[in-house]
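So the protein lines, in turn, are chains A and B.
For the first sequence, the residue numbers in the working numbering are 775 to 985.
For the second sequence, the residue numbers in the working numbering are 54 to 275.
Since the hints were derived computationally from the structure, they do not count as laboratory data.
Cross-link-like lysine-lysine pairs, in silico, DSSO-like; alpha carbons within 30 Å at most:
| hint | chain 1 | residue 1 | chain 2 | residue 2 |
| --- | --- | --- | --- | --- |
| 1 | B | K100 | A | K797 |
| 2 | A | K844 | A | K976 |
| 3 | B | K133 | B | K161 |
| 4 | B | K150 | B | K133 |
| 5 | B | K161 | A | K824 |
| 6 | A | K919 | A | K844 |
| 7 | B | K133 | A | K797 |
| 8 | A | K902 | A | K797 |
| 9 | A | K824 | A | K845 |
| 10 | A | K824 | B | K100 |
| 11 | B | K161 | A | K797 |
| 12 | A | K976 | A | K845 |
| 13 | A | K902 | A | K824 |
| 14 | A | K797 | A | K824 |
| 15 | A | K824 | A | K844 |
| 16 | B | K100 | B | K161 |
| 17 | B | K100 | A | K902 |
| 18 | B | K150 | B | K161 |
| 19 | B | K150 | A | K797 |
| 20 | B | K133 | B | K100 |
| 21 | A | K976 | A | K824 |
| 22 | A | K902 | B | K133 |
| 23 | A | K919 | A | K902 |
| 24 | A | K976 | A | K902 |
Here are the computed distance ranges between Cβ atoms for each label pair:
| hint | chain 1 | residue 1 | chain 2 | residue 2 | range |
| --- | --- | --- | --- | --- | --- |
| 25 | A | D840 | B | E144 | 55 to 61 Å |
| 26 | B | L191 | A | T874 | 18 to 24 Å |
| 27 | B | S177 | A | E805 | 24 to 30 Å |
| 28 | B | H201 | A | E822 | 39 to 45 Å |
| 29 | B | A275 | A | G954 | 48 to 54 Å |
| 30 | B | S148 | A | T874 | 55 to 61 Å |
| 31 | B | E157 | A | D840 | 48 to 54 Å |
| 32 | B | V116 | A | E822 | 29 to 35 Å |
| 33 | B | L160 | A | T823 | 27 to 33 Å |
| 34 | B | L160 | A | G951 | 56 to 62 Å |
| 35 | B | R200 | A | L794 | 37 to 43 Å |
| 36 | A | H876 | B | L231 | 38 to 44 Å |
| 37 | A | D819 | B | V116 | 34 to 40 Å |
| 38 | A | H876 | B | T138 | 45 to 51 Å |
Beta carbons: idealized from backbone N, C-alpha and C, even for Gly.
The chain contents come next:
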Amino acid sequence: MSREHHHSHDHTEPPADVVLRVKALESLLVEKGLVDPAAIDVLIDAYETKIGPRNGARVVARAWVDAGFKKWLLNDATAAIASLGYSGRQGEHMKVVENTPHIHNLVVCTLCSCYPWPVLGLPPVWYKSAPYRARAVADPRGVLKEFGTELGDDVQIRVWDSTSEVRYLVLPERPAGTDGWTEEQLAALVTRNSMIGVEQAKSPREVDKPS
Amino acid sequence: MNGAHDLGGMHGFGRINAEPEAEEPVFHADWEKRVFGMQLAAGALRKWNSDISRHARERQHPVDYLGHSYYENWLAGLEKLLMETGLVTAEELASSKAAQPAGEDLLKHRLHAEAVITTLTRGSPAMMPADTPPRFRLGDRVRARNRHPTGHTREPRYVRGRVGVIHEYHGTHVFPDLSAEGVRVGRHLYGVRFEGPELWGENANGNSAVYVDLWEDYLEPA
Numbered sequence: 775m776s777r778e779h780h781h782s783h784d785h786t787e788p789p790a791d792v793v794l795r796v797k798a799l800e801s802l803l804v805e806k807g808l809v810d811p812a813a814i815d816v817l818i819d820a821y822e823t824k825i826g827p828r829n830g831a832r833v834v835a836r837a838w839v840d841a842g843f844k845k846w847l848l849n850d851a852t853a854a855i856a857s858l859g860y861s862g863r864q865g866e867h868m869k870v871v872e873n874t875p876h877i878h879n880l881v882v883c884t885l886c887s888c889y890p891w892p893v894l895g896l897p898p899v900w901y902k903s904a905p906y907r908a909r910a911v912a913d914p915r916g917v918l919k920e921f922g923t924e925l926g927d928d929v930q931i932r933v934w935d936s937t938s939e940v941r942y943l944v945l946p947e948r949p950a951g952t953d954g955w956t957e958e959q960l961a962a963l964v965t966r967n968s969m970i971g972v973e974q975a976k977s978p979r980e981v982d983k984p985s
Numbered sequence: 054m055n056g057a058h059d060l061g062g063m064h065g066f067g068r069i070n071a072e073p074e075a076e077e078p079v080f081h082a083d084w085e086k087r088v089f090g091m092q093l094a095a096g097a098l099r100k101w102n103s104d105i106s107r108h109a110r111e112r113q114h115p116v117d118y119l120g121h122s123y124y125e126n127w128l129a130g131l132e133k134l135l136m137e138t139g140l141v142t143a144e145e146l147a148s149s150k151a152a153q154p155a156g157e158d159l160l161k162h163r164l165h166a167e168a169v170i171t172t173l174t175r176g177s178p179a180m181m182p183a184d185t186p187p188r189f190r191l192g193d194r195v196r197a198r199n200r201h202p203t204g205h206t207r208e209p210r211y212v213r214g215r216v217g218v219i220h221e222y223h224g225t226h227v228f229p230d231l232s233a234e235g236v237r238v239g240r241h242l243y244g245v246r247f248e249g250p251e252l253w254g255e256n257a258n259g260n261s262a263v264y265v266d267l268w269e270d271y272l273e274p275a
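Just chain B, with the same shape it has in the complex (with noise of 0.2 Å):
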């Protein structure tokens, strides 16, 4: 969807304002911190995955998502995955009581504090078998498809219509766009090299690129 989170190229925002990094905390308020842990313990229920999450985050209206803090935006998208997947309703939300317990079949998945540790080491590797092979090369050139979905991607708009050249083949990974609706299958992904003046004509910096990761589904041969 083209959100208020596909922020590439974007003017206006001003100076970055980086904190000088011997003296910034992790966190910077307590709520944070539990709106972290509660994100990461919620998401080992099963209920969505990495690419819901996010687009749960992006759905918000834009002046919210450009307004909220980070971990604001957090606990948004927290809330509405709670609501969406059933398990809290708005009412529960409301009053912070429980009319009813979660059943056995979530409660299996529940995070215990003793394997938290070995549950982070562990990840969930994004990595999962297509059934084409692939149809770029290093080094062949390719279009960036001018694509507008309004559910999640990551292709990023500000490479839309750009022309690239393959850099690297990354294998084959769970395809963004259907994962976020549920759907889990494996596409090809790539590095593409975009030159400066390709992303931003005469306003790019000298001697520049970027490099962006996008799947199979994402370009055409140029």
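Pulled out of the complex, with its shape left as it was, chain A reads as follows (with noise of 0.2 Å):
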């Protein structure tokens, strides 16, 4: 792409250059036995299927009904994730920070796109663009309102810049109403947005609770 071209949206439309340009690039590295292109279709597939937010939102549900696990996680989030069988790559050393009804935690890498691989699998686009990493820090409460999430003043909001390899999850609050509610119940409220924190869990009444 020309450095005079303006790109005003935030995600792709390549030109067809791009799309060669990997074609030919893996057909290189493959021609030189540098990679597997079967290990590649296996990575593809794990994000696209394995590692994902439904991870992170059996974590919050387990959290919401165990006081014992919430504790650990709060203490010690890699280990209690772990115990869930989520580790590893993007999420060595895991912090959760939690939401009450005077604290809003807000998770940002306003320098790259760190981001809690195990538990949320890859960013969305709009984690990774310009004007979230620009203005999360700077403009918190701007920022959620674009989310629809509207806070008082006496609600603080906590941002976390992810500039070194400690990645973060939000605990959402739960949800008024889901007294008695499953694990199971309770994790369809947990959204992906919710755990990053632009967005508050789900209430019962937008889901259709899961029998």
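Assembling the complex is the task here: the two chains are given apart, and the hints tell you how they should meet.
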């Protein structure tokens, strides 16, 4: 892409030459023996079908129903999350931050796109985009408002900029009206966006209670 | 480096334009998938680490960095890494024909399909011992040093010169500024809380704070 090109959108309508360039690069790396194309297929499949925000939702739901687990999660998130089977790349050092009626947490990576892969998968386009990275630290309330989340001045906003290899996951508040719900039912209320902190967890009104 | 990647606090990018969560695919095109997979698979060859890799993307011309989509930046970074480490030559990249196969020393690290899940699950922890005791304690007031290195750093511009409080001690982690040069040393890492007005003055949001992970080299007593 030329330097003069004005790129007005966040994601991807590549010129055809990018597609060709990627194909050419892969065939070169395969010909040299540096990469196994089948390994690339497995990597893609892992993040398309196995490693995603449903993992994080299970962590949150467990914390909502099990006070002991929640305490462990807030004290040693890496170990607590690993006990549910989620660990590894881009989640080697996990930290969970808890929303309360008086504290709301929001996660960003202003310098690149750091994100807790084992629990949330790969980040959405908006999380990696310039407007989010620029504004989350300087105008978090404006960012939250764009996601439809308006919080009173009595709620302190804590923004976590992921500048190190520590990865942050927000523990949203358990929605009202969910007494007696099972972990599985609760997990359906936990969105990816609520674990980044741009939204609250869904209310029971927004979902059909799963059986 | 004071590059286009260091975006915290910049104006003018407009709205965030998030796609609805339920509808957004993990990848938006097949070529993005292949770039993602190639980056991870080539990384297994151990010719670079994540700091070197980040720095390769940051070193693009700022207009290119901001004009590219995310995976275009990954592609540009990957091509740069492959050439700078000698895994491929510029001629090979231009012709997409291999002049010679990779050496045996490289091929033994090649990521095989059956090893992918184990490799991902293991990850690569960043903890590394340091040879000095920590200089700061929880609750200490610290100033992020006003420094402008031309190499890689993880001290964002918007905290430099600003005063915060040590909120958490993370232990000793690989120091990215040197790691990006291929030198792996452990340094103390702290979570530092900055109040909104300390960072943004009269333009700060009410009742807000930013927490930033900063290595000891980035900090001085305040």
